[in-house]
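Enquirer: Listed below, chain by chain, are the residues.
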Amino acid sequence: MREVAFGTPLADVLSGAEMAQPLLLGGYHGTWLRPSQLKGLAVSRKDIAAAGASIGAGVLLPLAEGWCPLVRTAALVDYLAGQSAGRCGPCRNGLPAMAEALRDLVHRGGPAGRVEELCGLVTRRGACAHPDGTARLVASMLARFPDEVDSHALGICRGNRREVFA
Amino acid sequence: MTGADILNGPALWFANRGTGFVLLVLLTVSTMLGVLSTARVTSRLWPRMLTQGLHRNVSLLAVTFLAAHITTAVVDTFVDIRWWNAFVPFTGAYKPLWLGFGSFALDLLLAVTVTSLLRHRMSHKPWRAVHVMAYAAWGMGLVHGVKMGTDAATVWGSALNYSCIAAVSVSVLARFGLLAHSRLVTT
Amino acid sequence: MSEHLLRVDWPACKAHGVCAELLPEVISLDEWGYPIVHEPVKSDVLTLAKTAVKACPTLALRLTEPPPRPA
Numbered sequence: 027m028r029e030v031a032f033g034t035p036l037a038d039v040l041s042g043a044e045m046a047q048p049l050l051l052g053g054y055h056g057t058w059l060r061p062s063q064l065k066g067l068a069v070s071r072k073d074i075a076a077a078g079a080s081i082g083a084g085v086l087l088p089l090a091e092g093w094c095p096l097v098r099t100a101a102l103v104d105y106l107a108g109q110s111a112g113r114c115g116p117c118r119n120g121l122p123a124m125a126e127a128l129r130d131l132v133h134r135g136g137p138a139g140r141v142e143e144l145c146g147l148v149t150r151r152g153a154c155a156h157p158d159g160t161a162r163l164v165a166s167m168l169a170r171f172p173d174e175v176d177s178h179a180l181g182i183c184r185g186n187r188r189e190v191f192a
Numbered sequence: 056m057t058g059a060d061i062l063n064g065p066a067l068w069f070a071n072r073g074t075g076f077v078l079l080v081l082l083t084v085s086t087m088l089g090v091l092s093t094a095r096v097t098s099r100l101w102p103r104m105l106t107q108g109l110h111r112n113v114s115l116l117a118v119t120f121l122a123a124h125i126t127t128a129v130v131d132t133f134v135d136i137r138w139w140n141a142f143v144p145f146t147g148a149y150k151p152l153w154l155g156f157g158s159f160a161l162d163l164l165l166a167v168t169v170t171s172l173l174r175h176r177m178s179h180k181p182w183r184a185v186h187v188m189a190y191a192a193w194g195m196g197l198v199h200g201v202k203m204g205t206d207a208a209t210v211w212g213s214a215l216n217y218s219c220i221a222a223v224s225v226s227v228l229a230r231f232g233l234l235a236h237s238r239l240v241t242t
Numbered sequence: 395m396s397e398h399l400l401r402v403d404w405p406a407c408k409a410h411g412v413c414a415e416l417l418p419e420v421i422s423l424d425e426w427g428y429p430i431v432h433e434p435v436k437s438d439v440l441t442l443a444k445t446a447v448k449a450c451p452t453l454a455l456r457l458t459e460p461p462p463r464p465a
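Each protein sequence line maps, in turn, to chains A, B and C. For the first sequence, position 25 matches number 51 in our numbering, and the numbering has no gaps at all. For the second sequence, position 94 matches number 149 in our numbering, and the numbering has no gaps at all. For the third sequence, position 3 matches number 397 in our numbering, and the numbering has no gaps at all.
By construction, these hints were calculated from the structure, which means they are not laboratory data. This structure is a prediction, so every number in the text was calculated from the model and none was measured. There may be inaccurate statements among the hints.
Simulated restraints on C-beta separations [what the hints assert, rightly or not]: (1) Thr458(C) / Ala46(A): 17 to 25 Å; (2) Gly78(A) / Ala166(B): 51 to 59 Å; (3) Leu115(B) / Leu457(C): 21 to 29 Å.
Think about it this way: if two alpha-carbon atoms lie no more than 30 Å apart in a straight line, the pair counts; the simulated DSBU-like pairs of lysine-lysine are [stated by the list, open to error]: (4) Lys444(C) / Lys408(C); (5) Lys444(C) / Lys180(B); (6) Lys436(C) / Lys448(C); (7) Lys408(C) / Lys448(C); (8) Lys180(B) / Lys448(C); (9) Lys436(C) / Lys408(C); (10) Lys202(B) / Lys150(B); (11) Lys444(C) / Lys202(B).
Ideal placement from N, C-alpha and C gives every residue a C-beta, glycine not left out.
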């Protein structure tokens with residue numbers, strides 16, 4: 027936990043190794059950013075909005091070295107699906123389906139289209155923003171890591187930390 | 056036939072017995088349609104709004120037969136049933152216990168009818184709490200008919216009673232069976 | 395002319411699907427039976443929309459008029 031002034035360069039908050047990794051900005055309901063997007067970025071609403079993200083919960087989660095962002099996202103969505111209060115139908119049905127579709131995409135080369143479709147089916151269709159935040163996380167994964175999505179479709183994962191799902 | 060003949064003759068008594076059985080059938084059909092709508096039974100040939108519309112119209116028809124059933128019982132002079140006996144349970148001189156079951160059913164059905172006519176002005180939970188009383192009303196009406204009905208002991212009368220019990224039981228069991236297969240929360 | 399909007403009370407909706415039968419012009423159902431509201435309610439289907447609101451078995455559908463846009 028650190029308190030930083032708005033405008034602090036991200037490079038002053040994160041280590042050099044962390045700057046070279048994908049960053050999940052805004053917590054589990056946040057947005058993925060590629061390492062190339064982090065250079066020159068400051069912790070300010072304007073900069074972060076320009077990068078297509080938001081500060082959200084104020085949590086920075088750099089991906090640990092050797093991990094695949096898709097594997098990490100699938101694990102997060104698995105967790106988030108379990109955190110649904112289950113009061114609204116689209117979330118109660120949609121998040122487990124999304125977790126399943128991501129598992130399928132990440133481990134069995136399943137279609138990304140199904141994941142996108144489910145993002146649309148849960149967004150703005152609940153009493154709270156839990157499904158929206160989960161869809162934001164997943165949509166940013168698809169948007170920021172298209173090469174990884176393509177390689178997973180061919181059964182190739184560049185990460186070596188697949189045990190998160192074991 | 057003059058007005059006095061109708062009042063003193065057997066016509067009202069027969070009408071009372073007849074409307075009683077018609078009521079049993081209408082309330083049974085209405086209950087089944089209500090159960091069917093909560094179980095979300097649907098197909099292209101039988102849309103949900105058909106179940107819903109029939110449930111409403113059959114119920115309203117039952118209310119008119121209920122009015123006729125009560126009016127004939129009160130106006131008829133063959134047995135002594137006063138109008139307040141119809142509304143206040145267990146106050147009658149004639150078979151007060153079994154008449155009371157009918158009065159109780161009437162009161163419940165009045166509450167169910169009024170809340171349903173005003174349903175869109177209510178919140179869902181209190182409406183539903185009142186509406187499920189319709190099951191109790193159906194059961195009490197049945198007991199009222201079985202224990203008090205002049206024709207309940209006849210072959211056709213008991214056959215009708217048993218058929219209605221079977222119909223409601225089967226639809227309630229089917230409803231729970233169907234809901235167990237889906238992930239929907241019941242309401 | 396202002397268009398009415400249909401809002402779903404999500405915790406209240408129990409996927410009966412009556413709304414989509416009564417108002418297919420505006421509402422379809424997702425794969426689990428919950429409504430998808432596609433567009434604002436135009437005046438030609440306003441009466442149908444009011445019927446759908448009244449017919450919802452759990453009263454989970456609301457018709458709201460958007461605030462008038464500043465000229």
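Enquirer: What are the numbers of the hints the structure violates, in ascending order?
Expert: When the structure is compared with the hints, numbers 1 and 11 turn out to be violated.
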